[in-house]
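S.K.: Take these sequences, add in the hints, and give me the full structure.
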Amino acid sequence: MSLQTSTQFAMKACEKLGADEAEAYAQKTRITEVVLERGEIQSERIKVQQGIGVRVVKKKGLGFAFSSDLTKRSIETTCHNALTLARTSIPNPDWVSLPTAQKLPRAPTGIFDKDVAALSGNDVLSIAIRASGAVKKQDKRAEIDDGKFSAVVSEIAVSNSHGINATQAGTLLTGFLVCLAKERGEVSSMAFEYDISRSMKFSPENIGRSGAEKAVASLRPKATKSFVGKVVLDPDTAADILLSPMIFSVNADNVQRRRSAWMGKLGEKVAVQQFNVIDNGLLPNGIGSSIFDAEGVPRQKTSILTKGVLKGFLHNSFTANKEKRRSTGNASRENYNTLPTVFASNLVVEPGKKKLDEIISMVDKGIIVRRFSGNVRPESGEFSGIAKQASYIERGEIKHPLKETMISGNAFNALMNIITIGRETRPTFMNSYVPPILIDKVNIVAK
Amino acid sequence: MDELNDGVVEGVCCRAMVKGSWGFSSTTSLEEKDIATALKDATSLARTSKPKKKRLAELAEVKPKEDNYTTKIRRDPRKADKEELIRLVKDTDADVRGFSKRIVSDSVVFTVIDDDLTFASSEGTRITQRIVRCIGGVTAIAKEKGNLTSAYEYLGEQSGLEVLEKTPLTHIGQVAAERADKLVSAPLAPGGMFPVILENKIVGLLAHEAVGHCAEADLVHGGSFLSGKLSRKVASDIVTLVDDGRYVGGLGTMKYDDEGVPTERTVIIEKGVVKGFLHSRETAHEFKVHATGNARAWNFEFDPIIRMRNTYIEIGGYSIEELAEGMKEGFFLKGGLGGQADFTGEFMFGTQEAVKIKNGRLGESLRGVTISGNAFEVLKNVDAIGKDFIMRAGMCGKEQINYVGMGGSSLRTKLLLGGGSK
Chain B
1 MSLQTSTQFA MKACEKLGAD EAEAYAQKTR ITEVVLERGE IQSERIKVQQ
51 GIGVRVVKKK GLGFAFSSDL TKRSIETTCH NALTLARTSI PNPDWVSLPT
101 AQKLPRAPTG IFDKDVAALS GNDVLSIAIR ASGAVKKQDK RAEIDDGKFS
151 AVVSEIAVSN SHGINATQAG TLLTGFLVCL AKERGEVSSM AFEYDISRSM
201 KFSPENIGRS GAEKAVASLR PKATKSFVGK VVLDPDTAAD ILLSPMIFSV
251 NADNVQRRRS AWMGKLGEKV AVQQFNVIDN GLLPNGIGSS IFDAEGVPRQ
301 KTSILTKGVL KGFLHNSFTA NKEKRRSTGN ASRENYNTLP TVFASNLVVE
351 PGKKKLDEII SMVDKGIIVR RFSGNVRPES GEFSGIAKQA SYIERGEIKH
401 PLKETMISGN AFNALMNIIT IGRETRPTFM NSYVPPILID KVNIVAK
Chain X
1 MDELNDGVVE GVCCRAMVKG SWGFSSTTSL EEKDIATALK DATSLARTSK
51 PKKKRLAELA EVKPKEDNYT TKIRRDPRKA DKEELIRLVK DTDADVRGFS
101 KRIVSDSVVF TVIDDDLTFA SSEGTRITQR IVRCIGGVTA IAKEKGNLTS
151 AYEYLGEQSG LEVLEKTPLT HIGQVAAERA DKLVSAPLAP GGMFPVILEN
201 KIVGLLAHEA VGHCAEADLV HGGSFLSGKL SRKVASDIVT LVDDGRYVGG
251 LGTMKYDDEG VPTERTVIIE KGVVKGFLHS RETAHEFKVH ATGNARAWNF
301 EFDPIIRMRN TYIEIGGYSI EELAEGMKEG FFLKGGLGGQ ADFTGEFMFG
351 TQEAVKIKNG RLGESLRGVT ISGNAFEVLK NVDAIGKDFI MRAGMCGKEQ
401 INYVGMGGSS LRTKLLLGGG SK
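Protein chains in written order, with my numbering: chain B, 1 to 447; chain X, 1 to 422.
Hints are all accurate, no fakes.
Have a look at the derived ranges for each label pair, beta carbon to beta carbon:
1) X/Arg361 with B/Lys355: 50 to 60 Å
2) X/Glu364 with B/Ala117: 57 to 67 Å
3) X/Lys414 with B/Gly185: 17 to 27 Å
4) X/Glu364 with B/Gly264: 23 to 33 Å
5) B/Arg130 with X/Val248: 44 to 54 Å
Dumping the calculated DSS-like pairs for lysine-lysine here, alpha-carbon to alpha-carbon at most 30 Å:
6) B/Lys403 with X/Lys233
7) X/Lys50 with B/Lys140
8) B/Lys447 with X/Lys414
9) B/Lys441 with B/Lys225
10) B/Lys265 with X/Lys145
11) B/Lys322 with B/Lys12
12) X/Lys53 with B/Lys114
13) X/Lys54 with B/Lys201
Footprint (simulated), chain B over chain X, 3 or more residues, beta carbon under 8 Å:
14) 7–19
15) 367–380
Because the hints were derived from the structure by calculation, they are not lab data.
Fair warning: this is a prediction, and the values are worked out from it, not measured in the lab.
Even for Gly, the Cβ is constructed at its ideal location relative to N, Cα and C.
M.R.: Printed below as a string of structure tokens:
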């Protein structure tokens with residue numbers, strides 16, 4: 001049975017059982033992954049995951065059930081369980097309707113790559129070995145702490161009782177290494193390097209080379225004194241510190257639940273003039289791109305921040321219905337066994353003009369942070385943690401790597417204290433495209 | 001109410017060894033032909049990857065066993081009245097919202113994870129285990145004059161629904177609401193080195209994040225802080241640290257690990273001295289010791305790797321007031337948040353609340369910040385341990401996640417607070 005046959009079969013079953021509304025989301029994913037640990041191959045896995053999640057509404061009560069078994073008998077049981085739960089559940093007064101069918105856009109280019117789809121366990125292993133070889137080639141002092149390379153092929157089908165009936169497929173190739181360097185009994189801090197791509201435009205050698213380079217550069221660190229000052233965040237760190245509270249705050253569900261710091265701030269200035277952000281679900285080759293979202297609603301482009309002014313929130317059909325507006329196509333599911341939430345598709349920060357070197361040259365006294373190990377509180381925007389892979393900058397030059405240094409501040413204040421946005425944008429694991437960003441007034445805490 | 005979910009995920013994995021090379025494959029299909037494919041995939045992966053592996057595995061001997069184990073439960077969740085559980089979640093939600101005008105949002109979650117596990121090996125081991133875990137969590141969000149803050153509290157045990165008699169969900173909600181309400185307009189704790197009391201609820205994080213990981217034999221092999229330190233002193237005399245696979249009610253408790261090895265109580269540090277490490281069959285062979293039953297997999301989609309079970313620092317004899325005594329200026333840190341550690345022993349984890357201590361007296365509450373340090377410096381600085389021992393639920397991520405127990409009593413040490421400017 002194809003995935004779409006499964007979801008259509010579930011629709012028929014739900015109708016027969018007497019559901020008011022129903023939706024089925026089926027997924028089949030094949031993940032081929034290689035895990036490295038201490039420079040050696042620790043595991044290779046081929047994982048085949050499939051399953052179906054059925055959402056049923058009865059008298060505004062919602063029930064959800066899932067199963068990893070796609071046989072007809074199991075789908076019927078799952079539909080039955082979902083309906084039983086819907087009847088047990090307390091009616092949700094905010095419930096309006098599941099989404100209705102809309103014309104779907106053309107598939108964004110580059111979301112499915114047949115070469116990635118054809119990668120075997122042995123091919124992924126070769127990719128991992130190329131990355132690992134590049135580490136030693138770059139510098140004998142460098143080693144791999146751990147890493148993982150995965151090739152993912154997934155197929156999704158969504159059907160609902162309002163005529164949605166859609167299917168799509170995608171591929172993703174990811175890899176990361178955590179490297180360290182050793183020299184005369186000293187161990188450097190751990191450096192993180194990665195690549196993400198929908199196609200074979202993916203360089204394991206770059207991951208290895210850059211991971212090793214960063215690790216070696218952090219040898220012989222020195223402490224600094226505490227001060228309040230400028231911090232250069234590399235793309236990955238900027239995503240962690242600045243974008244994660246933003247993604248939380250533009251999520252309409254959090255706005256409606258009054259837990260978003262940006263509730264009631266549409267049209268207000270929340271960041272500096274030069275900060276422009278859109279959510280683009282149709283970005284060519286985008287890591288979060290697709291034809292439709294987890295409810296079968298078309299993906300689209302949504303303005304989030306224009307010249308620092310808050311322009312919009314991200315919706316799925318439930319949050320949109322609550323405000324009598326259209327979903328922005330941001331329903332998201334981790335898997336078939338979870339209900340749709342709201343998440344960014346590709347959150348794209350508009351790059352600036354300056355190269356990283358030029359940004360560093362602008363800093364009279366500050367630090368650059370390439371890895372952040374800490375906590376970011378999404379409601380308040382407070383962040384604090386260790387600045388790993390950090391270096392001290394003085395008079396526009398990187399002076400030395402730092403040890404035992406923590407940073408703390410508030411992400412929402414930091415958005416108003418952005419000095420410059422760099423131009424070298426990278427995709428990050430947080431579905432975002434981010435350049436390096438220089439912020440001011442951060443607490444730099446030393447021992 | 002947003003969600004009422006129910007579902008089953010089932011699957012099979014096969015791990016095959018060909019002349020010292022492992023291969024792994026899994027499937028969510030239980031059909032014979034798909035399991036046969038998985039076995040074939042695993043075997044072929046093992047064979048093809050062998051020439052690329054620097055180190056081949058050998059396994060410590062383990063006697064083949066046939067056995068079964070079930071979590072001790074009084075109120076079986078399989079027979080639970082769903083409406084009663086819904087009521088419980090709803091009542092807690094109402095309580096939290098009603099706590100004060102400042103509480104503007106909350107979420108209440110209660111989950112039962114009921115696992116049926118079967119393990120079979122070509123050596124003849126046949127084990128079935130049913131492990132039942134109940135986990136509940138409440139997030140409360142308070143708002144005042146444009147300030148927003150959240151507080152989080154949870155419960156979790158390997159137990160039937162009777163866990164809710166011991167720790168009512170409403171009680172968890174109360175703790176979260178009270179903390180969010182109290183801290184919404186409180187200033188952030190300052191940054192810098194301070195003497196601190198770590199609350200019992202977060203001492204487990206220290207035991208787990210900071211020390212436990214360094215004792216995982218795969219990391220020891222890779223050169224972790226504890227590498228080569230067997231029988232050496234790494235902590236203060238009063239610190240004994242254990243990883244126990246049999247702790248009753250512990251979230252990480254199981255009678256057998258996912259290689260079919262019986263679990264045990266493994267002493268890592270005894271009175272400050274390193275006594276042992278945590279092993280899989282593979283590392284046990286390499287280190288020439290017995291397997292400790294620490295090989296665990298998140299589910300059938302992952303191969304077992306070395307993980308902690310229930311990690312704790314043993315109980316001491318002091319009250320909180322006695323721990324605060326003589327502290328000129330410091331903090332009593334409460335409520336843990338996420339953490340991380342490198343195998344050098346450098347760690348960080350978040351705290352929710354920092355109560356000021358001045359001249360031995362507890363004072364006002366500030367918002368908690370992330371704390372960091374080197375685990376072993378922190379443990380050397382432990383000079384008093386409390387008598388308020390508790391075991392808590394935790395989730396640990398090491399490539400794959402897993403349920404663990406983290407325990408301890410409040411203790412006194414020194415740490416770096418990553419807070420605001422002084």
